[in-house]
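Here the protein sequences come in this chain order: R and V. First residue of the first sequence? That's 0 in numbering that gives the first Met the number 0, and the numbers climb one at a time after it. First residue of the second sequence? That's 0 in numbering that gives the first Met the number 0, and the numbers climb one at a time after it.
Because the hints were derived from the structure by calculation, they are not lab data. Yeah, the Cβ is synthetic: ideal placement off N, Cα and C, and Gly gets one too. Careful, some of the hints might be misleading.
As the list claims (entries may be wrong) - Distance ranges between label pairs, derived from CB positions:
#1 V/Gly187 - R/Thr3: 36 to 44 Å
#2 R/Lys257 - V/Glu106: 48 to 56 Å
#3 R/Ala196 - V/Leu252: 44 to 52 Å
#4 V/Glu99 - R/Thr161: 26 to 34 Å
#5 R/Asn234 - V/Glu106: 42 to 50 Å
#6 V/Ala30 - R/Ile230: 38 to 46 Å
Stated by the list, open to error - If you want the footprint, here are the derived chain R segments under chain V, 3+ residues with CB under 8 Å:
#7 27-38
#8 59-66
#9 145-151
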Amino acid sequence: MKYTKEEALIHKEYHSALCELLFQLADDDFILAYRGSEWLGLAPHIEEDVAFSSISQDMMGHAVIFYGMLEDLGIGKANDLAHDRPAEERKNAILLERVNGPGTYLHEPHYDWAFAVVRSYFYTGIKKIKIASLKNSSYIPLSQAAVKIEMELYYHLLHWKTWFTQLLGAGGEAKKRIEDAMAAVFPDLDGVFSFGAARTMFIRLALITSEEEIRQEWIQMMRPIFESLGINMPNSFGLESGNGRDGVHTEDLEAALKTLTEVYRIDQTASW
Amino acid sequence: MAETSSFDLLPDEQRLARFMERIETGEKIEADDWMPEDYRMTLIKLISMHGISEIMGALPEKEWVPKAPSLKRKLAIMAKVQDEMGHGQLLLRVAEDLMEPLLKSREHIIQDLLSGKLKFHNVFHMEAKTWGDAGLIGWLVDGAAIITQTNMLNASYGPYARALKRICAEEVFHAQHGEAIIMALAEGTGKQKAMIQDSIDRWWDALLMFFGPGDASTTGTSKQDITMKYKIRTKTNEELRQDFFSKYIPRVLSLGLKLPDETMHFDKTEGLWKYRQPDWSQFKQIIKNNGPKSRERLRLREISYTSNKWVLEALSVRV
Ligand SMILES: [Fe+2]
Ligand SMILES: [Fe+2]
């Protein structure tokens, strides 16, 4: 069965599962786009600054779409959903909230490009598979949005794949740094696949395909690339820092929320 | 081709005469054309300074990108700052083409920036303390940039003129973006209104300085004469500053804001705005990288440059 907004508003169980999924999607994109915006002006070269920024904007745009759907579902104003929820209510994967590297974006930002490439590449690949599945989602507005989002993801994925293969292929220090970044990303990668406690509901209500299928598809997509670059795919990933879908988060998110709401909090009732 | 080779054989004075003739008749000079040394050097200096100013200019606003107070503003300011980096990229490419015969590249531009040899615009050395400043930069700094850049839209150097055409089109959106932030504050709470008045007060002198000194007597040097002789620009610094006053003073006042210069008035007989001169000795200090934020912002570029060196090395490996 397919649901319109009006139908989703009537069916309580469907409504709550759908909102859970939308929060996960929105919060993932929102926080990673924020991390991307911290990179502005600091990318390895000017051309990349422009390209990376364009990707971050698309991602923020996707978050706006998902928060907008939540607003339509009566959860609250999109702006407040993005700015006014404490860390424990956030549903993003922990991997995506982690800082870009030592320092802050204002002071001594010794950011790690290898980490940016690996995190962005892996996340974008997984997101693309989720979005492809969402094209068949039981929630009609979401399936429609997925079509548009998928087109943009094609370019994002190509962008990060190009970086990944170039840096690994170059060997030497670059290869070492990418391997270190992968060693930092894999132990938390399960958090990106996870749907948290709502996983069975998502499937039963045909909102999206299963975690397991998404994982298998991603591994299949990545395996030939890993093989051609002479690197190994680990047998299992991890959820070391905890599951963000359950509201478990780190100091990194707390600090990010403080920064990104600094002006908003001056006066929440004001129009900015 | 025959014409080119006979031109190559001409003595320098005749080449120069032919070059000036082209300039006078409004013909565009292209990257591979013969040009006198001072024309090339003036352009390199002007365009690399303009390009690097776009890039350094992204930094004060960038400070507010992660903090933008709504989803709409987050998207808008991300796009705006990205455009500025794009302008930098476009202009550095124009400068790089001019530098090629001198065997210099972008690497040299960045090195010159970090060593302090290459200057960037005074406004981008200033502190962007509040969200009001983020709005003011878009509204008035980009507004001022539109005025100086429009003045060079017909520059004799074709590649620069074409780049400016694209840039100016985007700057108009930037000024609208800045104006939208300012309007929201102006129509907002008392605190929000106070925020923009505070921004104007702090930025006013820097905005006046943006157009450069009126003549060489204030700072010792001025590139105005040579850029006008070669038809790179048409108006003087002072004429541009006057244009800025005419365009923006009424707008500033209509928002209920006060100018931090009680002497400012329009003299009808002279047809000129009369104003208090900013402290030009301070201007000299600022552009020597002794402004309030000069060191900090250069440090950001330096960090980006050094911590990403391995990336550039890896990019040069053929995979
Ligand atoms: Fe610009
Ligand atoms: Fe601009």
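Hints, verified against the model:
Our hint of 36 to 44 Å for glycine 187 of chain V and threonine 3 of chain R holds, since their Cβ atoms are close to 37 Å apart. Evaluation of the 48 to 56 Å hint for lysine 257 of chain R and glutamate 106 of chain V yields a failure: the beta carbon distance comes to about 38 Å. For alanine 196 of chain R and leucine 252 of chain V, the hinted distance range of 44 to 52 Å is not satisfied, since their beta carbons lie about 59 Å from each other. A beta carbon spacing of about 27 Å between glutamate 99 of chain V and threonine 161 of chain R agrees with the range 26 to 34 Å that was offered as a hint.
Between asparagine 234 of chain R and glutamate 106 of chain V the beta carbons are some 44 Å apart, a value that agrees with the proposed interval 42 to 50 Å. At roughly 44 Å, the beta carbons of alanine 30 of chain V and isoleucine 230 of chain R sit within the given window of 38 to 46 Å. Given a C-beta distance limit of less than 8 Å, the hint that chain V covers the segment 27-38 of chain R holds, as 3 residues qualify and 3 suffice. For the segment 59-66 of chain R, the stated coverage by chain V is satisfied: 5 residues place a CB nearer than 8 Å to a CB of that chain, which reaches the threshold of 3.
With a threshold of 8 Å between beta carbons, the proposed coverage of the segment 145-151 of chain R by chain V is violated, since 0 of its residues qualify and at least three are required.
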